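There are 2 protein chains.
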Amino acid sequence: MLQPELKLRRDKIRWFMAQQGIDAALITCNVNLLYTFGRIVSGYLYLPLNSPALLFIKRPNNISGEHIFSIRKPEQIIELITENNLPMPTKLMLEGDELSYTEYNRLAALFPESEIVNGTPLIRQARSTKTPIEIEMFHRSGIAHAKAYDKIPSVYHPGMTDRELAIEVERLMRLEGSLGIFRVFGQSMEIFMGSLLAGDNAANPSPFDFALGGEGLDPALPVGVNDTPIKEGQCFMVDMGGNFYGYMGDMSRVYSIGKLSDEAYTAHQVCLDIQNEIASIAKPGTVCEDMYNTAIEMVTKAGFAKNFMGIGQQARFIGHGIGLEINEMPVIAPRMKQKLEPGMVFALEPKIVLPGVGPVGVENSWVVTNEGVEKLTICNEEIVEIEVSN
Amino acid sequence: MLQPELKLRRDKIRWFMAQQGIDAALITCNVNLLYTFGRIVSGYLYLPLNSPALLFIKRPNNISGEHIFSIRKPEQIIELITENNLPMPTKLMLEGDELSYTEYNRLAALFPESEIVNGTPLIRQARSTKTPIEIEMFHRSGIAHAKAYDKIPSVYHPGMTDRELAIEVERLMRLEGSLGIFRVFGQSMEIFMGSLLAGDNAANPSPFDFALGGEGLDPALPVGVNDTPIKEGQCFMVDMGGNFYGYMGDMSRVYSIGKLSDEAYTAHQVCLDIQNEIASIAKPGTVCEDMYNTAIEMVTKAGFAKNFMGIGQQARFIGHGIGLEINEMPVIAPRMKQKLEPGMVFALEPKIVLPGVGPVGVENSWVVTNEGVEKLTICNEEIVEIEVSN
Numbered sequence: 001m002l003q004p005e006l007k008l009r010r011d012k013i014r015w016f017m018a019q020q021g022i023d024a025a026l027i028t029c030n031v032n033l034l035y036t037f038g039r040i041v042s043g044y045l046y047l048p049l050n051s052p053a054l055l056f057i058k059r060p061n062n063i064s065g066e067h068i069f070s071i072r073k074p075e076q077i078i079e080l081i082t083e084n085n086l087p088m089p090t091k092l093m094l095e096g097d098e099l100s101y102t103e104y105n106r107l108a109a110l111f112p113e114s115e116i117v118n119g120t121p122l123i124r125q126a127r128s129t130k131t132p133i134e135i136e137m138f139h140r141s142g143i144a145h146a147k148a149y150d151k152i153p154s155v156y157h158p159g160m161t162d163r164e165l166a167i168e169v170e171r172l173m174r175l176e177g178s179l180g181i182f183r184v185f186g187q188s189m190e191i192f193m194g195s196l197l198a199g200d201n202a203a204n205p206s207p208f209d210f211a212l213g214g215e216g217l218d219p220a221l222p223v224g225v226n227d228t229p230i231k232e233g234q235c236f237m238v239d240m241g242g243n244f245y246g247y248m249g250d251m252s253r254v255y256s257i258g259k260l261s262d263e264a265y266t267a268h269q270v271c272l273d274i275q276n277e278i279a280s281i282a283k284p285g286t287v288c289e290d291m292y293n294t295a296i297e298m299v300t301k302a303g304f305a306k307n308f309m310g311i312g313q314q315a316r317f318i319g320h321g322i323g324l325e326i327n328e329m330p331v332i333a334p335r336m337k338q339k340l341e342p343g344m345v346f347a348l349e350p351k352i353v354l355p356g357v358g359p360v361g362v363e364n365s366w367v368v369t370n371e372g373v374e375k376l377t378i379c380n381e382e383i384v385e386i387e388v389s390n
Numbered sequence: 391m392l393q394p395e396l397k398l399r400r401d402k403i404r405w406f407m408a409q410q411g412i413d414a415a416l417i418t419c420n421v422n423l424l425y426t427f428g429r430i431v432s433g434y435l436y437l438p439l440n441s442p443a444l445l446f447i448k449r450p451n452n453i454s455g456e457h458i459f460s461i462r463k464p465e466q467i468i469e470l471i472t473e474n475n476l477p478m479p480t481k482l483m484l485e486g487d488e489l490s491y492t493e494y495n496r497l498a499a500l501f502p503e504s505e506i507v508n509g510t511p512l513i514r515q516a517r518s519t520k521t522p523i524e525i526e527m528f529h530r531s532g533i534a535h536a537k538a539y540d541k542i543p544s545v546y547h548p549g550m551t552d553r554e555l556a557i558e559v560e561r562l563m564r565l566e567g568s569l570g571i572f573r574v575f576g577q578s579m580e581i582f583m584g585s586l587l588a589g590d591n592a593a594n595p596s597p598f599d600f601a602l603g604g605e606g607l608d609p610a611l612p613v614g615v616n617d618t619p620i621k622e623g624q625c626f627m628v629d630m631g632g633n634f635y636g637y638m639g640d641m642s643r644v645y646s647i648g649k650l651s652d653e654a655y656t657a658h659q660v661c662l663d664i665q666n667e668i669a670s671i672a673k674p675g676t677v678c679e680d681m682y683n684t685a686i687e688m689v690t691k692a693g694f695a696k697n698f699m700g701i702g703q704q705a706r707f708i709g710h711g712i713g714l715e716i717n718e719m720p721v722i723a724p725r726m727k728q729k730l731e732p733g734m735v736f737a738l739e740p741k742i743v744l745p746g747v748g749p750v751g752v753e754n755s756w757v758v759t760n761e762g763v764e765k766l767t768i769c770n771e772e773i774v775e776i777e778v779s780n
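Chains as they are written, first to last, in our numbering: chain A, 1 to 390; chain B, 391 to 780.
Calculated directly from the structure, the hints in this document are not laboratory data.
Don't take every hint at face value.
[Unchecked claim] Within a straight-line C-alpha distance of at most 27 Å, the following computed DSS-like cross-link-like pairs (lysine-lysine) qualify:
| no. | chain 1 | residue 1 | chain 2 | residue 2 |
| --- | --- | --- | --- | --- |
| 1 | B | 448 | B | 463 |
| 2 | B | 463 | A | 73 |
| 3 | B | 696 | A | 58 |
| 4 | B | 541 | A | 151 |
| 5 | A | 73 | B | 448 |
| 6 | A | 306 | B | 463 |
| 7 | B | 448 | A | 337 |
| 8 | A | 306 | B | 727 |
[Unchecked claim] Residues on chain B that point at chain A, a partial pick, calculated with CB under 10 Å:
| no. | residue |
| --- | --- |
| 9 | 429 |
| 10 | 450 |
| 11 | 484 |
| 12 | 553 |
| 13 | 573 |
| 14 | 609 |
| 15 | 637 |
| 16 | 721 |
Bear in mind that the values here come from a model prediction, so they are computed numbers and not experimental data.
Don't be surprised by glycine CBs; every beta carbon is placed ideally from N, CA and C.
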């Protein structure tokens with residue numbers, strides 16, 4: 001990672017710090033270190049408002065450079081700040097929504113004279129508008145993601161279960177360069193590489209706040225495939241995380257085994273229409289709840305409101321910011337007054353679940369430009385029919 | 391999950407609570423809900439010392455039963471405790487090492503009259519000795535894990551990179567039933583399904599406190615394979631997480647491309663000897679640091695101390711408890727005075743990294759019985775030679 005890019009990112013955070021009278025941040029969570037230092041280490045980035053950042057590294061032991069110091073434990077940070085002729089901060093921010101209660105208190109205790117505040121919302125706000133280099137990572141991810149999806153029909157074999165097919169799709173993603181790991185903000189949401197939902201399993205609710213659920217294979221991970229055969233006349237939706245360079249690109253596509261009911265194609269077109277309508281109104285200044293309400297109006301008028309974003313347990317959002325984690329700001333949901341800003345990247349995923357058929361709809365990743373939005377995941381959006389062998 | 395098993399687990403936690411004068415626990419982290427409720431939900435298990443547990447579920451919306459209540463937000467918990475004729479706790483424990491600072495404080499604020507303490511160490515202590523059903527899950531995991539490893543030579547092709555081979559090994563694990571997800575205690579350690587370390591990449595340090603590191607494919611996940619070709623006369627070690635039923639079985643095996651140097655076979659045998667010596671002394675009452683010191687004495691005498699558990703950056707442990715997470719109690723490391731207890735399950739992983747060759751050694755999962763230890767991962771422990779095609 002080039003230093004100007006890292007400086008740009010750190011200065012985005014500093015800009016918000018200045019607004020809130022915060023004169024230093026101590027950053028240690030993986031995604032925030034990746035954001036501000038360009039790679040994950042076991043250590044701490046100390047970010048003063050008006051001086052260069054200091055990096056304190058526990059592991060690995062082979063990183064050196066200006067302003068980089070090797071430490072064994074965080075208690076050594078204080079003397080190193082002093083040795084670098086920096087004052088103790090008056091108001092310090094820590095990652096309060098991400099650090100454990102125990103770790104937050106351990107770090108806060110190092111600064112007994114400082115006011116300590118939760119910096120997570122501020123860092124997430126800074127991260128919500130991407131730099132040109134981050135947007136380029138999403139562009140590249142979208143290309144690799146589409147290459148993997150284009151090969152999905154070739155790995156399907158009649159009689160496969162959803163689990164067996166998901167394994168082959170995961171392999172396709174890995175072969176195109178997916179790092180595999182699926183990063184989510186918060187400790188409560190878990191998933192493996194993403195989901196493949198076939199037939200009625202798409203209507204099964206999960207504990208997690210993803211757009212759709214699925215029963216899962218085991219109570220230890222109750223989401224996604226449930227090892228049932230994929231049937232003719234039904235469809236499956238692939239929604240794998242597209243983490244090729246650390247950035248969680250997001251894209252869903254639908255594949256059918258033979259033809260589906262007419263209603264399924266109608267419902268799919270409703271989702272495409274919703275996507276295209278929202279894409280046409282989305283631009284800097286567009287309010288997130290307005291985008292959500294547009295979707296609800298359209299799906300209600302089309303008669304699919306009860307099947308929108310699940311059945312029985314319906315997700316209350318149609319899109320979400322993406323970045324180093326799958327659930328960044330903004331959220332496209334009811335009562336969200338946040339406005340789109342240039343550089344924001346979000347996934348938009350209108351989906352309808354039809355009993356006896358499966359999930360239809362679409363998901364793409366979008367970046368907000370100065371004039372509107374640009375699609376980052378270019379790949380056929382129709383239902384891809386896999387012919388039934390006779 | 392059968393109720394008697396859940397009651398047994400909850401009573402293990404209650405036993406420690408009683409010792410510390412704690413009269414209730416509020417549990418919400420995924421692995422602890424899986425442990426005490428048998429499946430993951432978005433919700434809270436309220437565990438009073440002397441009354442049945444109450445379960446408050448936000449999602450999914452299709453779980454009902456005795457003592458189960460649907461809620462939208464944790465603030466509803468208080469009225470439901472009262473409606474169930476339970477007193478407010480005098481001393482309540484929360485998952486302080488696992489919950490974020492923000493979430494811990496939100497939950498603590500619900501109980502303004504209660505003393506709040508960190509319950510994570512206590513729950514981890516309860517979880518460190520497994521029930522017979524949990525041990526059975528490890529037995530089954532070991533069988534599936536070994537089946538996948540037995541097929542590794544069949545997916546190797548000459549000219550493969552470590553990344554390409556890792557993808558095929560991941561697929562084998564998934565086909566045998568691996569859930570894929572790799573659960574680690576603490577927010578700082580991340581890895582995809584496990585690692586495959588070939589040749590000199592095994593000596594590359596990582597930020598994470600795993601036994602070995604590896605450079606990784608991207609600064610976003612600097613651990614494991616680095617896309618270099620696997621060479622003749624070198625070896626690779628497979629160390630995939632064996633999560634087939636929620637329990638993180640752990641096993642490492644070594645495969646060579648053609649013959650290795652004599653030194654490599656000697657070093658491998660040293661690791662097997664260390665494993666076997668430790669297995670012969672391990673029983674209830676054995677002190678963890680004594681096991682560690684035994685390994686260090688043996689590897690020093692054999693002349694491989696500088697290559698033990700890495701080169702340059704060496705791991706300071708040779709084993710670790712396993713369970714729902716890969717890093718449970720006890721830790722087999724210096725200054726660890728903890729004694730083995732019946733029912734503890736741990737991984738033992740003496741490994742030596744040889745420059746120009748790769749990593750040798752072994753890792754198995756073991757359960758502590760009343761008399762000694764029993765191996766849970768039965769699979770050929772010699773270096774498996776993959777013949778070089780001519």
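Of the numbered hints stated previously, which ones are contradicted by the structure, given in increasing order?
Numbers 2, 5, 8, 16 - these are the hints that the structure violates, sorted from lowest upward.
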